[in-house]
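J.: Turn these sequences into a full structure, and let the hints steer you where they fit.
Counting in full-length UniProt numbering, the sequence shown runs from 1 upward without gaps.
Just so you know, the hints here were simulated from the structure itself, not pulled from any lab data.
Some hints here could point you the wrong way.
[Unchecked claim] Restricting the straight-line Cα-Cα distance to at most 30 Å, the calculated cross-link-like pairs of lysine-lysine (DSS-like) are:
| hint | residue 1 | residue 2 |
| --- | --- | --- |
| 1 | K54 | K79 |
| 2 | K71 | K56 |
| 3 | K61 | K116 |
The structure displayed is predicted, hence computed values, not measured ones.
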Amino acid sequence: YKNRYIVTPEIRELYSNSERQKELAFFTVRKGCKELPTFYDIFQMVCAFDHGSKVKDITNKLKLTNIDEKKLVQYCVLKGYLRRVRQYPILLYDVNESISNGEKMLNTKNGKKSFKEFCDGTNDMDNIQCASTDSRLNSMNRKQQSYDAFSNRKYQINDLPLLTLWK
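T.: Given below as structure tokens:
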């Protein structure tokens with residue numbers, strides 16, 4: 001529910017193709033609902049994904065009970081109506097100096113790398129988390145935390161001086 005998506009220009013094809021509209025209604029109906037969702041409700045939900053909106057925010061805002069939002073996102077991504085927006089962090093200054101005297105290192109599949117090597121705008125947060133073999137870091141990143149192994153102190157990723165590119 002924390003992934004971000006944005007509508008693509010292919011949404012025009014869904015709007016003009018009645019067969020796709022019916023297919024989408026059958027695919028996205030919530031289990032146990034007797035009525036299919038209307039195309040208006042489905043289209044309203046899909047179009048609400050503007051500027052990289054989170055699935056959680058859209059579902060909380062619209063509160064449509066007969067649409068399975070997971071199936072909706074899955075269908076729309078597969079058909080090209082939505083695309084996932086990824087977060088690419090850029091470290092603004094050397095966080096290692098402000099947090100500890102040592103260099104913050106991540107255990108990766110290819111050896112050790114410093115945290116700042118990952119935060120250069122070329123790696124998205126999924127890749128950073130997957131590259132690390134440090135189970136403490138992976139479990140804490142799920143909670144938006146990172147771990148400073150040298151001072152044994154946790155710090156919030158949100159507190160780091162990061163500029164985020166959304167692509």
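J.: Which hints from the list above does the structure break, by number from lowest to highest?
T.: 3
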